[in-house]
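Novice: Given next are the chains, with one letter for each unit.
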Amino acid sequence: MLKIKNLHASVEDKAILRGIDLEVKPGEVHAIMGPNGSGKSTLASVVAGKEEYEVDKGEISLDGEDIEELSAEERAHKGVFMSFQYPVEIPGVSVTNFMKTAINETRKAKGLDDMPANEMLKMIREKSELLEIDRKFLSRSLNEGFSGGEKKRNEIFQMAMLEPKLAILDETDSGLDIDALRIVANGVNKLKSKDNAVIVITHYQRLLDYIVPDYVHVLYDGRIVKSGTKELAHELEEKGYDWIKEEVNA
Amino acid sequence: MSNKYTEDDLREELKTKEYEYGFYTDIESETFPVGLNEDIVRAISKKKEEPEWMTQWRLEAFKIWKEMTEPEWANVHYEKPDFQAISYYSAPNSKPKYDSIDEVDPELLATFEKLGISLDEQKKLAGVAMDVVVDSVSVATTFKKTLAEKGIIFMSISEAIQEHPELVKKYIGTVVPQKDNFYAALNSAVFSDGSFCYIPKGVRCPMELSTYFRINQAGTGQFERTLVIADEGSYVSYLEGCTAPSRDENQLHAAVVELIALDDAEIKYSTVQNWYPGNAEGKGGVYNFVTKRGLCETNSKISWTQVETGSAVTWKYPSCVLKGDNSVGEFYSIAVTNNYQQADTGTKMIHLGKNTKSTIISKGISAGKSQNSYRGLVQISSRAENARNFSQCDSLLMGNDCGAHTFPYIEVKNKSAQIEHEATTSKIGEDQIFYCNQRGIDTEKAIALIVNGFSKEVLNKLPMEFAVEAQKLLEISLEGSVG
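Which chain is which? The protein sequence lines are A and B, in order. So in my numbering, the last spot in the first sequence is 250, and the numbers never skip. So in my numbering, the last spot in the second sequence is 483, and the numbers never skip.
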């Protein structure tokens with residue numbers, strides 16, 4: 001599904017990604033771990049198409065199609081979703097209205113008419129039940145005054161509504177207590193299928209107790225320096241990242 | 001429903017960068033020679049077959065105006081109009097008064113169609129009566145009969161001067177006196193036409209009363225005069241919308257609106273202002289110097305709601321004089337400036353009576369190289385026991401070259417007053433845009449969404465049919481302002 005080949009990317013002329021290779025197949029869950037500043041969030045933003053990031057070299061393709069020239073919204077239309085580490089507030093725009101706009105813009109890009117209101121309502125009801133979200137929450141302004149947990153749940157709700165092929169969860173666990181973490185992780189697990197794929201970006205192993213990855217990659221200094229299975233995550237949890245740094249620098 | 005309408009229409013409109021109503025209707029017009037003197041004032045009055053008292057009132061205003069100087073305190077910069085280079089009267093030639101739309105000049109009807117306000121359509125639109133002002137003279141008034149059954153008078157002010165001189169004479173200039181300010185004095189001397197509305201005691205006006213103003217003649221100033229009187233215990237919702245054709249030379253618009261809410265009456269006055277703002281280089285555009293004020297008697301209420309997207313320069317402070325005890329004044333405003341537009345707008349809430357209450361919600365949106373100022377006065381007089389005011393002024397900035405300014409003035413002479421003022425300034429951030437983009441919403445649409453959210457409290461105050469138009473206008477006005 002997602003193929004990244006020798007990806008180099010920079011922001012404001014500062015090289016951050018220095019040759020990433022990654023392949024994610026449908027039905028897979030990949031975890032990307034690494035110390036602060038290793039380029040994890042940059043990788044997420046580059047795949048999602050954030051303009052400030054310059055792709056200097058390499059390829060990103062989705063289902064065999066090069067996407068690095070596409071705008072962020074075009075990538076979204078093709079099924080790329082990113083759960084933000086710091087979801088932004090949009091005062092006066094309800095979660096429902098935001099979702100309606102997002103869904104209809106995506107449909108429009110595909111040459112479809114707006115989703116009929118009753119269908120939209122039905123979908124909202126189903127997805128909010130699936131994720132155990134109080135529907136009152138959906139009429140609140142997007143992320144305004146939301147707690148950390150609410151923000152992340154809202155991200156997962158949006159993921160549920162948009163039904164992406166590829167979901168990138170950028171530090172979804174940061175700022176969550178264990179209960180909120182469990183709820184969010186359960187949501188993601190419910191949305192997983194053999195047709196979609198998830199990339200979980202995290203600093204800590206604990207999220208991976210709930211969202212169990214097929215592969216774990218360690219990102220350091222803009223490169224994937226180690227890949228393995230979920231045992232690698234446990235090893236990192238025990239030993240920290242220093243031994244990785246030593247290995248790389250040796 | 002409304003959202004769908006907005007989106008589809010917007011896409012269509014975004015394709016053309018030109019001001020969409022920038023066309024010119026070729027209707028034969030009778031235009032006075034340029035310049036202003038006593039003879040011109042008399043001629044205007046004569047042309048309109050006004051009674052002597054009206055002529056004298058105009059002349060009095062002219063005398064006052066001659067002694068006044070154009071105010072310079074507002075946070076706007078422009079080349080002052082040459083008042084002697086303006087023609088002060090223009091009317092469609094054969095002063096048309098039609099019973100049926102078929103008799104109206106087809107060119108004029110085409111103009112309405114381009115404006116999206118075809119009378120046929122308007123007639124069908126339940127609850128909206130139209131008094132259409134094109135170049136100063138009313139050419140069509142609809143729904144007059146329905147209104148007449150309730151004793152409601154809704155006509156051009158020229159007609160009202162003829163048909164209801166006692167009402168006009170009693171109220172004109174009582175809220176905005178001739179000497180009020182430079183532009184009000186000028187308007188009082190030369191006002192061309194405008195609307196007059198009277199709601200009798202205890203009557204609830206069954207429909208929204210709506211007027212479209214429009215400047216059409218090159219180099220013709222537009223001086224509208226509106227007088228709305230809500231008698232005791234009555235209610236009226238009045239809509240005013242404006243569009244103007246594209247012109248290279250600046251056009252002056254100096255309107256006066258007076259509202260009178262007698263005991264227990266309520267007036268809701270909504271405006272969507274979409275005059276030509278000038279082009280992207282700041283050339284052309286309307287100078288909009290407006291005096292709007294309402295007088296509230298006991299237990300009455302006046303609400304001003306305005307969506308200001310047009311004009312090169314706006315100078316406008318719809319105000320309430322809360323004279324009666326327990327009276328309520330409200331001001332809800334969205335002011336959008338883009339490119340080189342300048343707006344200095346706000347309100348004055350003058351609390352005179354006891355237990356008077358006022359609310360001010362102002363939303364300023366600045367983009368391009370524009371300057372957007374909120375200027376407001378909350379004044380509590382010594383005998384206004386327990387007066388209350390809540391003010392909220394929010395500014396939204398787009399890009400780094402625009403400015404937002406807030407000038408709140410508060411004068412309190414009674415210790416029992418409760419005054420709250422909140423102000424925020426925010427910027428549409430790249431992170432907000434990217435967030436929307438990531439969800440499949442392109443930048444243009446994202447801005448529209450953010451701006452609509454920001455303006456929601458005010459948009460919600462507009463009557464439904466106006467809210468849709470207003471939303472669309474916001475989006476068009478900010479087109480191309482980012483990226």
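Think of the hints as simulated: they come from the structure by calculation, not from any bench. Watch out, some of these pointers could steer you wrong.
Straight-line Cα separation of at most 25 Å, SDA-like style, residue types lysine to any residue; simulated pairs [said to hold, decoys possible]: (1) A/Lys57 x A/Glu68; (2) A/Lys192 x A/Glu12; (3) A/Lys100 x B/Asp401; (4) A/Lys50 x B/Glu444; (5) B/Lys354 x B/Ser416; (6) B/Lys456 x A/Pro87; (7) B/Lys413 x B/Gly429; (8) A/Lys25 x A/Asp63; (9) A/Lys100 x B/Asp431; (10) B/Lys456 x A/Lys25; (11) B/Lys369 x B/Leu397; (12) B/Lys427 x A/Glu68; (13) B/Lys427 x A/Pro87; (14) B/Lys427 x A/Lys239; (15) A/Lys50 x B/Lys354; (16) B/Lys456 x A/Phe137; (17) B/Lys456 x A/Phe146; (18) A/Lys239 x A/Val212; (19) B/Lys427 x A/Met115; (20) B/Lys427 x A/Gly92.
A short, non-exhaustive set of chain B residues, derived as facing chain A with CB atoms under 8 Å [said to hold, decoys possible]: (21) Arg42; (22) Arg439; (23) Val468.
All of these numbers come straight from a predicted model, not from anything done at the bench. We put the beta carbon where it would ideally sit given N, CA and C, even for glycine.
Novice: Decide, hint by hint, whether the structure agrees.
Specialist: Here's how the hints hold up against the structure:
Restraint check: the Cα-Cα separation between A/Lys57 and A/Glu68 comes to about 10 Å, which is no more than 25 Å; the hinted pair holds. At roughly 36 Å between alpha-carbon atoms, A/Lys192 and A/Glu12 are farther apart than 25 Å, so this suggested pair is violated. The hinted pair formed by A/Lys100 and B/Asp401 fails the criterion: a straight-line CA distance of about 33 Å is larger than 25 Å. Taking the CA atoms of A/Lys50 and B/Glu444, the gap is about 16 Å. The hint holds against a cut of 25 Å.
For the given pair, B/Lys354 sits about 10 Å from B/Ser416 by alpha-carbon distance, which is consistent with the 25 Å threshold. Under the criterion of a C-alpha separation no larger than 25 Å, the hint pairing B/Lys456 with A/Pro87 is consistent with the structure, at around 21 Å. At roughly 42 Å between alpha-carbon atoms, B/Lys413 and B/Gly429 are farther apart than 25 Å, so this suggested pair is violated. Taking the CA atoms of A/Lys25 and A/Asp63, the gap is about 9 Å. The hint holds against a cut of 25 Å.
Proximity of A/Lys100 to B/Asp431 is assessed by CA-CA distance (about 20 Å); at most 25 Å being required, the pair is judged to hold. Proximity of B/Lys456 to A/Lys25 is assessed by CA-CA distance (about 43 Å); at most 25 Å being required, the pair is judged violated. At roughly 11 Å between alpha-carbon atoms, B/Lys369 and B/Leu397 fall within 25 Å of each other, so this suggested pair holds. Between B/Lys427 and A/Glu68 the CA atoms are separated by roughly 29 Å; this puts the pair beyond 25 Å, and the hint is violated.
Our distance criterion of 25 Å between C-alpha atoms is met by B/Lys427 and A/Pro87, whose separation comes to about 16 Å. Distance hint between B/Lys427 and A/Lys239 is unfulfilled; the C-alpha atoms sit about 44 Å from each other, more than 25 Å. Between the alpha carbons of A/Lys50 and B/Lys354 the distance comes to roughly 57 Å, so the proposed pair goes past 25 Å and is violated. For the given pair, B/Lys456 sits about 18 Å from A/Phe137 by alpha-carbon distance, which is consistent with the 25 Å threshold.
As the CA atoms of B/Lys456 and A/Phe146 are separated by approximately 19 Å, the hinted pair is consistent with the 25 Å bound. As the CA atoms of A/Lys239 and A/Val212 are separated by approximately 20 Å, the hinted pair is consistent with the 25 Å bound. For the hint linking B/Lys427 to A/Met115, the alpha-carbon distance of about 31 Å lies beyond 25 Å, and the restraint is violated. Straight-line distance between C-alpha atoms of B/Lys427 and A/Gly92 comes to about 15 Å, which keeps the hinted pair within the 25 Å bound.
Violation of the interface hint for B/Arg42 is found here, the shortest Cβ-Cβ separation to chain A being roughly 52 Å, above the 8 Å cut-off. Interface restraint check for B/Arg439: the shortest CB-CB distance to chain A comes to about 4 Å, inside 8 Å, so the restraint holds. The interface hint given for B/Val468 is broken, as the beta carbon of that residue sits about 15 Å from the closest beta carbon of chain A, more than 8 Å.
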